[in-house]
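Number of protein chains: 2
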Amino acid sequence: MPRFFVSDDMLSRPSAVLEGEHAAHIKVLRLRVGEQITLCDGMGHEALCTIEDLAPGQVQVAVGPVTDASSEPAVRCSIYMGFPKADKFEHVIQKATELGAHEIIVFPCARSISRPDTKSLSKKLERWQKIAVSAAEQSGRGYIPQVLALDSFAQAAVRAAQADLAALFYENEHTRSLRQAVEAAPFTTAAIMTGPEGGLTEEEVQAAQDAGMTVCSLGPRILRCETAPLCALSAILYAADELA
Amino acid sequence: MPRFFVSDDMLSRPSAVLEGEHAAHIKVLRLRVGEQITLCDGMGHEALCTIEDLAPGQVQVAVGPVTDASSEPAVRCSIYMGFPKADKFEHVIQKATELGAHEIIVFPCARSISRPDTKSLSKKLERWQKIAVSAAEQSGRGYIPQVLALDSFAQAAVRAAQADLAALFYENEHTRSLRQAVEAAPFTTAAIMTGPEGGLTEEEVQAAQDAGMTVCSLGPRILRCETAPLCALSAILYAADELA
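Sequence order for the protein chains is A and B.
Residue 111 in this note's numbering sits at position 111 of the first sequence; the count goes up by one each step and never skips.
Residue 68 in this note's numbering sits at position 68 of the second sequence; the count goes up by one each step and never skips.
Among these hints, one or two may not hold up.
Said to hold, decoys possible - Derived lysine to any residue pairs resembling SDA-like cross-links, with alpha carbons at most 25 angstroms apart: (1) B:K119 with B:A86; (2) B:K85 with B:Q129; (3) A:K85 with B:S134; (4) A:K85 with B:V133; (5) A:K85 with B:L29.
In case anyone wonders, no lab produced these hints; they're calculated from the structure.
This is chain A alone, in the form it adopts within the complex (with noise of 0.2 angstroms):
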């Protein structure tokens, strides 16, 4: 069914009316008054709304009851990457959140290649942040992951311990796996960090030990940097039993 995020006010009244994008993304779906659509407020809320009138730019809809969205996983898995090249940062934006991922986080490593400065990040952020509406909703996610950039991988690494699970994933771990880290103890939040494309350095990975974290391996095969999360966050999903 055709899903559309609107602002969480459109949800509260009995009727809404959809214009702009939505409008003409409806009329090519030449979808018919009396056909369903969802509303979602894209922070887990969602209605069965049902057309009632088409006009050109407007679309009218009554609104059903407010429910939550049935897609969302219960464990909220919050990507920490280190910033690579923009369109695999794109790339891991779009499948962690058809995935299921909560939030994508960036930051700066010792081997990133590409740090946008601060005005160029603004930008890209916002490009960032569409990137992640239009894979929520082609998805059926109930919720959009939030894209945020943070100022170093210290600050990243501080923030990604206050996980249940927080793992860092390092090429050169070859003691402890993904599955020990996961069965070590329960939890309802993950936190899955990478490197860049040259990885991170040994001083990035003591830190984030130092801040809490558990450093794990993903096995014998050295994957790219835009794969590593992404295999990541699907083993984590499996094992929390969210693919079902």
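For this one, chain A is given, so just place chain B on it according to the hints.
Frame of chain A, contents of chain B only:
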């Protein structure tokens, strides 16, 4: 350590000479006499080799004892994918190879938009195999996954059904989860079948089931056709303890 795929007879002699692309690559990496590289036959066997002589376009190495590649999963996972658009399939080949897939198989589906004819298919297969070789080298695989094209969905379903765990992922399956299929019985081979952009038809799902495949859900979020097989592969490798 740099890794090169060579013909298997090169591993059986005490010394070997690398030429062409491999010699050029060794030059680019600025490797010196005495440094080590891994030669691998792409069939699961590898040898630690020491550079003995560097001449223009020719690198001679002393070949060490041949061992089983340590980076190969014990579980052999085959990806079966309905022909998607070319760029998406290339993405899946690269990522599935990195993650540890054993083979990658493509076949026409009722809703496949892209269906190369016989002539263009043989060129494409060559190109696809190169993507697998390159991803296998970069990720340190000991085995190069074969990329195969089958003629029909029926052929794919019959072949896939021979795996111990033969899972078809379908967005309209809401009862059986991948986890239930994984936990039903031990497995050393797994088939992961997913559809093209427009999804599988009910008839295809029924045919796969008749062939002996298990229809599973990957959860309530709608994954793109290129995301679903990689999510399932990550989850199955995690479940089989192969991400350790």
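- Query: Going back to the hint list, which numbers does this structure go against?
  - Reply: none
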